[in-house]
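Residues per chain are reported as follows:
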Amino acid sequence: MSEFFNQYFDFNFMGEHFGEVFDAFLKNLLIFVVAGALALTLGLFLALLRQLPGKKFMPLRAVTIAYIDVFRSIPILIVILLISGGLPYLEFIPKDIRIPHWFGQPDPYWYGVLGLTLVYSAYMAEVYRAGIEAVPGGQVEAARSLGMSHGQAMRHVVVPQAVTKIPAPMLNELISLLKDTTLVSVVAFGEAALIAREIQAETFNASAYVLAGIMFLVITLPMARLVDKLIKRNQGKITRGSHIEVA
Amino acid sequence: MRTTRLTATFAVFLLAIASLVVVGCGSSDDTTGSTGGGGSGESSEPLSVGSDIPYPPFEQGKAGEYTGFDIELMEAIGEKIGRTPEFTDTSFETIFRDVAQGKFEAVISAATITEEREKAVDFSNPYYLSEQAVLVKEGSDIKSLEDLDGKTVAVQQGTTGQELAKEELGGSEVRPYPEGPDAVNALKAGTVEGVIIDAPVAQNAVEKSGGVEIAEKVPTEEEYGIAVAQGETELLEEINKGLEEVLDDGTYKTIYEKWFKLEPPKAIFSASHEAE
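So the protein lines, in turn, are chains A and B.
8 is the number of the first residue of the first sequence in our numbering; add one for each residue after it.
5 is the number of the first residue of the second sequence in our numbering; add one for each residue after it.
Please keep in mind that the hints were generated in silico from the structure rather than gathered at the bench.
Ideal placement from N, C-alpha and C gives every residue a C-beta, glycine not left out.
Mixed in with the good hints, there may be bad ones.
If we take Cβ atoms under 10 Å as the criterion, some of the chain B residues that face chain A in the derived model are [stated by the list, open to error]:
| hint | residue |
| --- | --- |
| 1 | Thr92 |
| 2 | Thr94 |
| 3 | Phe96 |
| 4 | Glu97 |
| 5 | Arg101 |
| 6 | Gln105 |
| 7 | Glu177 |
| 8 | Tyr181 |
| 9 | Pro182 |
| 10 | Asp186 |
| 11 | Gly194 |
Quick list of in silico lysine-lysine cross-link-like pairs, DSS-like style, CA-CA up to 27 Å [unchecked claim]:
| hint | chain 1 | residue 1 | chain 2 | residue 2 |
| --- | --- | --- | --- | --- |
| 12 | B | Lys245 | B | Lys212 |
| 13 | B | Lys270 | B | Lys257 |
| 14 | B | Lys170 | B | Lys221 |
| 15 | B | Lys170 | A | Lys34 |
| 16 | B | Lys265 | B | Lys212 |
| 17 | B | Lys84 | B | Lys245 |
| 18 | B | Lys257 | A | Lys102 |
| 19 | A | Lys102 | B | Lys141 |
| 20 | A | Lys34 | B | Lys155 |
| 21 | B | Lys147 | A | Lys102 |
| 22 | B | Lys170 | B | Lys141 |
| 23 | A | Lys102 | B | Lys192 |
| 24 | B | Lys66 | B | Lys270 |
| 25 | B | Lys84 | B | Lys270 |
Next up, chain B with everything else stripped away, as it sits in the complex (with noise of 0.2 Å):
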């Protein structure tokens, strides 16, 4: 008798697994049939792109709804190549060693294209010229990078602008914050004296925190580029390829007008096409 009972509750045990499990396969099949029928394809594949957020303008926002330069620029190349970008905040410092390992396929990150970083990921065509700006408080006697020497200066960890500091300011004390938004503040509060900093977020500090000015604009030949591993030839060339597009079609120009509200530099245009 107890047999029998037991085995009663394990038939109608098996048959609610089973029934889970149909119910399971059936609602996975209405899924891809639904996606085959959007007609995007095999290539609509999300793409994974890591980005040190914030970095306004070019990165901002919270989780889910990033935005930005870069975010925008990104979004515009993938819908091009017909892939979604999927951003991931992660830090300036182990961007690249991620991007190099596979954490990400991709990183757009207000990065500089620069020999060293060459060594560890490949660049794409440049998207974006940049300047250097150096950041003081309104009314400062601080008029160039030379007399910011010997001063207190602040810089982003792992940055083009921390380079230049050691480079040209010997007598100064640099120090390293982990996010600009850190740097633009010890400046505020009157801990520094001068920030070095990419110019646009310059800019942007100056705009919407206020009581701060650009000395300076430091030309420094940067350029940005969108990085991937070593090796992954093919997704470059349709990034390079989604960027070309982009930039011809007036998407680029649109999208850099309201980030920067200035006209995007003519140089942009040959840069990302010299390349080839």
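Chain A with its partners taken away, still in its complex shape (with noise of 0.2 Å):
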């Protein structure tokens, strides 16, 4: 039992290495902030896509939809070494954009950036196709027989209702996404779990895996919290009637 508490709870070992972790976590946030914001944006962009109307935007709901059930459905894993094994591969794409070295970040970090992208889209435009058909079809129809343009009611009837609908379980995709970023371990980018793996192998003390899972939680527990208050407030909008507005 205290061979247990030395290999995961050395809490000097942890001390001695935090500067190690939390240097490499720091590059876990970095991945999750960029490639958040890129999926919240790509996201909303293919939700709108797949709510275009008429027969003429068929094909192009087709494609969205494609888009969204292929990357729902792969392993991120496989989706990050695809990417990073198959990319370098395709000669006719520029070097710079094979291979990138962007904003000083090695290509390893575009390729996590790329897949978390990809398949975090696809998940957020489900999230927000969730809020945008919560909005009653009457909405639409009142914004559509004022004269405005399908365009037009989505983006000053639709989507605004819409985004207030769904912050909670946006956010629980944004703690998994934060908790995915690991996955970029195997393209042998240097975050917390691969560096942890590594001061393991060094000193066969695995106190620094319960390190990293700390720095996490500090981010991930607050986010929870937020997501179940929000929650709350939600239902109490809907039980006690909308006469009472929530600033």
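Both chains come to you apart, so use the hints to assemble them.
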């Protein structure tokens, strides 16, 4: 039992390696922020494409649905491995895109960001879609009868209402995204999980894993609390009626 | 009336269970009988062995049909000491902790004997003498280890190649991949300019994968050993005895030539004896 605590909860050891693990954890955050922003943007775009009306846009809708279905269904690990292993071979693409070193970040960073963005934009599109579909159809009809185009109705009426309904599921996706940034270790990007493994390989002490886990907790726990709060607030709105407005 | 019926059902149920138990005992008796008749005796219990697979040509293949130099050597040793090895695929970074904790009895995984590792586990006599190789793309300007300084270099996480890269290539970005083939693929894809990895693995990549070549071999005085948990002296002695027999009767040479297409170095015969 004491061996277990020496192996996993050696606080002196954690103190000695704090800097190393923290620097690596910052890289997780850097992946999270960039991939998160890209996925939120691309996801909204996909959700809007999916809502395009009429026969004319059928092919575009089909492509969007196919994208969302495919990327929701492939494990992120495989997506990242495919990108990092495959993209560099595509010689018709300029080298700066195949093997990107933008903003001082090495190519494994960008393969990770790309992989996570592809998958999470599909997840996010589904969240946006739930929000959009929760806006009563009468709203669109009313907007259209006022002479707004489909695009205008989406922009001024539907989307502003939709986004107020989805912060909780959106945050849940973001929590998952933050945790999934550790998957980028498979392409040898020195984030927290990889560095913790390395520390363990050198020292035979696994406390660095626990330390890295704690760092994730510090960010994700408040996020989870916030999700609970948002859900409660939303339920309050529904059960008590819309006359109670919470700013 | 109802009670009687219930009792009857219960009795039938009991009878069914009883007959199952009897049948069960009968069949287990049969198996014990046949094992005893086989004559391999009490020492025929399997030997659980951990290995990080794939690491060709040392360990490769699918679950249940693993093969490679380490695997065949371990099987040959197992035959000498009357214990059939059963292999478990595991990851290299945790392999020594796992054998120390008893998750398996022995480790054969192209593992170099180092002082640091000996703090956690006990090693057998060396069964293989190794070199590191600098693997580069075919036609690359990089001709030696020093040429790699300042370049992006791939290694396998937790290996001696990684240590060598850290020591010798201060100006380089060193990328630790989870598995050796990942590092080789990064080289072929052009995201790194060199790989530092065990020479046989490099040789295998040159033959099987193509497009890459060995720029330089770096002797490292590395010796591979089979690891057991500390204090498992009896098992360690048996493994050493088995290894010696395998070396002496030519089995080692056959396996070595099969996997490396080379004669085994003479030094291995003395190396595995001198430790006694």
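These are the hints, each one checked on the structure:
1. Thr92: violated (19 Å)
2. Thr94: Where the cut-off is 10 Å and the nearest Cβ of chain A is about 13 Å from B:Thr94, the hint is violated.
3. Phe96: holds (8 Å)
4. Glu97: This interface hint holds because 4 Å falls under the 10 Å limit.
5. Arg101: Hint on B:Arg101: holds, closest Cβ of chain A at ~6 Å, below 10 Å.
6. Gln105: holds (8 Å)
7. Glu177: holds (7 Å)
8. Tyr181: With Cβ-Cβ at 5 Å, under 10 Å, it holds.
9. Pro182: With a closest approach of 6 Å, the B:Pro182 hint holds.
10. Asp186: Holds, because the Cβ-Cβ distance from B:Asp186 to chain A comes to roughly 7 Å (cut-off 10 Å).
11. Gly194: holds (5 Å)
12. B:Lys245 / B:Lys212: Distance ~35 Å between B:Lys245 and B:Lys212 Cα, so the pair is violated.
13. B:Lys270 / B:Lys257: holds (10 Å)
14. B:Lys170 / B:Lys221: holds (17 Å)
15. B:Lys170 / A:Lys34: holds (21 Å)
16. B:Lys265 / B:Lys212: Given pair B:Lys265, B:Lys212 holds - Cα atoms ~13 Å apart, limit 27 Å.
17. B:Lys84 / B:Lys245: Within the cut-off at roughly 8 Å; holds.
18. B:Lys257 / A:Lys102: Violated, because 47 Å separates the two Cα atoms, which is more than 27 Å.
19. A:Lys102 / B:Lys141: holds (17 Å)
20. A:Lys34 / B:Lys155: holds (21 Å)
21. B:Lys147 / A:Lys102: Holds, because 24 Å separates the two Cα atoms, which is no more than 27 Å.
22. B:Lys170 / B:Lys141: The given pair, whose Cα atoms are some 21 Å apart, holds under the 27 Å limit.
23. A:Lys102 / B:Lys192: Within the cut-off at roughly 14 Å; holds.
24. B:Lys66 / B:Lys270: violated (32 Å)
25. B:Lys84 / B:Lys270: holds (22 Å)
Checked against the numbered hints above, the structure breaks hints 1, 2, 12, 18 and 24 and satisfies the rest.
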